[in-house]
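Residue numbers (our numbering), protein chains in the order written: chain L, 1 to 339; chain V, 1 to 339; chain U, 1 to 339; chain F, 1 to 339.
Treat the hints with caution; some may be incorrect.
[Stated by the list, open to error] Listed below are the simulated DMTMM-like cross-link pairs for lysine to aspartate or glutamate, each with C-alpha atoms no more than 20 Å apart in a straight line:
| # | chain 1 | residue 1 | chain 2 | residue 2 |
| --- | --- | --- | --- | --- |
| 1 | V | Lys199 | U | Glu169 |
| 2 | U | Lys152 | U | Asp87 |
| 3 | F | Lys334 | U | Asp331 |
If you are wondering where the hints come from, they were derived from the structure by calculation, not from laboratory data.
There are 4 protein chains.
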Amino acid sequence: MLVVMEKDATKEQIDSVITAIENRGYTARPIPGGDRTAIGVLRNKGAVDASVFLGLPGVKDVVPVTKAYKLVSREVQKEDTVIRVGDVLIGNGHMVMIAGPCAIESETQALTIAGHVKKAGAHMFRGGAFKPRTSPYSFQGLGEEGLKILAKVRQETGLPVITEVMDMETFDLVEEYADIIQIGTRNMQNFSLLRRAGKARKPVCLKRGMAATIDEWLMAAEYIMEGGNSEVILCERGVRTFVNHSRNTLDISAVPVVRKESHLPIIIDPSHAAGRRDQVIPLSRASTAVGAHGLMVEVHHEPDKAMSDGAQSLYPEQFAGLCVQVRAISDLFKGDEGF
Amino acid sequence: MLVVMEKDATKEQIDSVITAIENRGYTARPIPGGDRTAIGVLRNKGAVDASVFLGLPGVKDVVPVTKAYKLVSREVQKEDTVIRVGDVLIGNGHMVMIAGPCAIESETQALTIAGHVKKAGAHMFRGGAFKPRTSPYSFQGLGEEGLKILAKVRQETGLPVITEVMDMETFDLVEEYADIIQIGTRNMQNFSLLRRAGKARKPVCLKRGMAATIDEWLMAAEYIMEGGNSEVILCERGVRTFVNHSRNTLDISAVPVVRKESHLPIIIDPSHAAGRRDQVIPLSRASTAVGAHGLMVEVHHEPDKAMSDGAQSLYPEQFAGLCVQVRAISDLFKGDEGF
Amino acid sequence: MLVVMEKDATKEQIDSVITAIENRGYTARPIPGGDRTAIGVLRNKGAVDASVFLGLPGVKDVVPVTKAYKLVSREVQKEDTVIRVGDVLIGNGHMVMIAGPCAIESETQALTIAGHVKKAGAHMFRGGAFKPRTSPYSFQGLGEEGLKILAKVRQETGLPVITEVMDMETFDLVEEYADIIQIGTRNMQNFSLLRRAGKARKPVCLKRGMAATIDEWLMAAEYIMEGGNSEVILCERGVRTFVNHSRNTLDISAVPVVRKESHLPIIIDPSHAAGRRDQVIPLSRASTAVGAHGLMVEVHHEPDKAMSDGAQSLYPEQFAGLCVQVRAISDLFKGDEGF
Amino acid sequence: MLVVMEKDATKEQIDSVITAIENRGYTARPIPGGDRTAIGVLRNKGAVDASVFLGLPGVKDVVPVTKAYKLVSREVQKEDTVIRVGDVLIGNGHMVMIAGPCAIESETQALTIAGHVKKAGAHMFRGGAFKPRTSPYSFQGLGEEGLKILAKVRQETGLPVITEVMDMETFDLVEEYADIIQIGTRNMQNFSLLRRAGKARKPVCLKRGMAATIDEWLMAAEYIMEGGNSEVILCERGVRTFVNHSRNTLDISAVPVVRKESHLPIIIDPSHAAGRRDQVIPLSRASTAVGAHGLMVEVHHEPDKAMSDGAQSLYPEQFAGLCVQVRAISDLFKGDEGF
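Same shape as in the complex, but just chain L (with noise of 0.2 Å):
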């Protein structure tokens, strides 16, 4: 349920509704609007009675939340949530490009995709400094070496960096170095971590789960929210099914269902979604056209020596051809979302 503030509602009243609202067990989060504030109410069993909240003063409304998720959600929140991270904003209209390698193997290695990525117009880079690997037995990444590295190539080239947290172990340091963290497809419902999520003060990306429903996927989102995070960008990066042509089936209509349902930004990995190099850039134009707001590339200059994830990085001249596509497409929808 939400309790909708009047416009010149004073900090005492919004206060005493908290209070009411904490003393009925409950436990209120206020959402600052762009003109009023609403307070969720959260942590209810069964229905709330509105009639209580209705009388006090300074109260305009209350409205009533039909989804499991709360804080997520566009009836709580109507306007597109917009990120900023440096200079790069992420949602309503905005279209990011990151790019990058898989992993970060070396200074080298990332310093000279990330000069091509630069050129080709992304604005932001991204590499892996713990990887999750389905084997104990293959490359985990350089650990905090690859952060210092992505720290680098940050000063170098003025790119914001995002790179996936793994575990709590961990967290604090890629927090540390991060300007956003990535929670990976199969920790999306590690819910220990997503209330981690929940107490950073960097963005989080959260991938969506292999076999995720897009009501669970919200739903952790809405741990990432409920925790005190708002800055959650979604990313969907394939589904598995029984189609074999691709490494997972892009679902490509997660878009207009999240932007309906949500006010959170959501991006696409056409690389994972594809496993395929040459599915890459036709994928990276329908999720353009679809309406997402941007989208995470895998990129390699040498993509036969990767240590993983090779055969779906593109070469920096296709992920420059690529950039090229993806703002033509954007182009046409420039402030006029509806087209």
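Fit chains V, U and F to the known structure of chain L by using the hints.
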């Protein structure tokens, strides 16, 4: 295997290669190309000895075909197939818009909708006269009466028409009235129907089965081509997965895969993929950007009264908006397939 | 809706209820039961007014049917359907073993295998004369020659035979030779074929489509029953999922669901579910224990030479072992369905 | 690769092989067997030269391991792993019944249910103290209080207890109280948690991820074994598919595949697979017949009041009936694995 003839090979040389192939118990199928003829060797069991044909007069080369499908394969025909229906071209950069109701319900309904979609820029009209329905108690279509209405629509508007054939009994009838014969998702592996379509004198639009791999789909097209009909259009319409926010999951990556593997045109039906009106326009934009050769969209002027699939039908004004968007995106590609 | 007659209702009373139903534009279908008759009201659009029938002489009750399917529903017929084929009973606690090769290849092959499976305890013989094949270039079955071999097998061994029908053109022929007519997974929603099966004078074994829900499967059976043939056997054969260690994923829970929703017998084909010989025996044991009414298993004495599906065919001695295990498990249930 | 020692190899010989392996930069892991020791060669990149080890004293053979997983592989250990928990044996023909509520709600609830399931024949008690929940607003379990109740149950009934661990923060606590530590489906690829489980002094029950292949599942078990804990029990609990009549689709063929590929015990959780009470008993029978080493079943004496998963919990008397059926089926196998 493919026997490639010299550019100046004579008809006698071609005939004697055909005879040599058939003498070995195989089937020969000549495939006329832009500037030379190739001859497919079909129905071989196991490997064919290339050397037998390499020495014949007029033979330039013998090329193994590595896929299970042959006639549909780009290995066998390098250039895109372009299909002409009246003034409409389908394939190789042409973007065809097909629109109309799920089912033909009456002459008034069909003519009203046809007027709307023609004005918006549709090139063809769609509408079912024979409807495959999950329940025997549901509306099964108007039958021949529906076909006659389609003929009336073509006469009044000049739009060619596409309609579904469900069985052998009504095939002659549908073939007589339709400009393109559609084979539905539930009949993709109705092999008797595919063989009959191979004898048809009209192009065939073959929808992907809801759990078919691309290999199975191309093999179904191979049945039609093997029967003698080389005018096949593939139509992706979503596959069945665990995802529950759309009726099916549109497998957008099918487009680059089919375009790489086959020379046949591929279009997309976003209406059946989505099953909900509010996803149709975003999916149509994505389908255009990914490189499909056309769209088939359900439109109804009174969707609440539609006898089937009303919930996924666009209003005429929505379809008009969609056409503007699709043209804008496809214009970006004009004359530059690789963008 | 179902009009339930009194136990001692006369034929005249039943007829006048039928007339009353048909006068309102519906279709009436009498369903004789153990001790009373019920009359199904079909093809109604929207709700039917029960009061009209409640007042008629001989009417005991009017029961709404809440499922989309009617004739197949346990709401309409409480007792299990039992189908008799020669001396073989299928349904309600009888456990039928059907075995034989994927395809009939020759008289010697068929008789050899039939001798093996009969000795092991099979009740019926299976074998394809018309084979649905993904590729037009694969072996398509012996056709009528295969049917004649099946007749020979029946004559020599006394085993009734089941074989697949693929289309209308060959339906009469298959109906003439087969004791049970099989409709394959790819034809589960070939509605014209289902209607024809509704007119057949032989029982029909309807395989589940590889991506069909149980509702869709029961609706397909409804097409057959609505056409007038009440002898339908359902056959689960695995569904298509992301799982790659078996060809399909056997959906074992289909058995309790079908047995709850429908009175029709349900058998399982573990061979097509597995696609690998080494899973067939465990899946057969599970299928027996879950409560299936029978098994259809592929057996070949020379699987390495089989013209199709050799890799999933059991050796005759493996089938003999399987029969022992299946009997042991099914004996545990004898006379105590609930165990 | 696996270095197999002679039966009478001395400790010195074994140690010098280990040294030889480690001198080459690999990790050596001795695997004591019934009558001889084998030594796994881990963390090799690329092929290992067998000849180096073949000449060493006491070495009988060098065997390549063809799978990505090693320690879990039956290639590496031929005999079934049997895990002892108190008097309970899991693996190799022993059929273990684990039962209890989804979540521990109170001491009274837990002791009541434990009394029922012990009387019915359960060997172990299950119950969640830390609950992974899709929503942050749902009941998250009693935490340590729940663990103390589990200890009380063990003390009162003598039943060992199994309970889920969700994160590193609470791992020590869970390890202290639990007899078997469960890792849930959402954490199957939480690699940090798997590594921690590899250091645990208690057996680990690893549930299959809801979209995991068997290879991925075995690789997750490999993480635990590679960490040093060889007591891993695999638990199949259904996978996510398009099927909508059960919450998940129980992949029964996982049992023969796992038993062929690995020496680890595999049990089945029919309750989470079904998500509905009325499928649990049939699925349990099938799970027993297919060859699982045990069942984990949800039971609640007041399912309508359960704080989670009530709809799939059996009543105590249903569980008693289930135990009778399971014993009858598993008795058929006794002493004859191949039946």
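Going through the hints against the structure:
no.	hint	result
1	V:Lys199 x U:Glu169	16 Å, holds
2	U:Lys152 x U:Asp87	18 Å, holds
3	F:Lys334 x U:Asp331	17 Å, holds
Going through the hint list in order, the structure satisfies each hint without exception.
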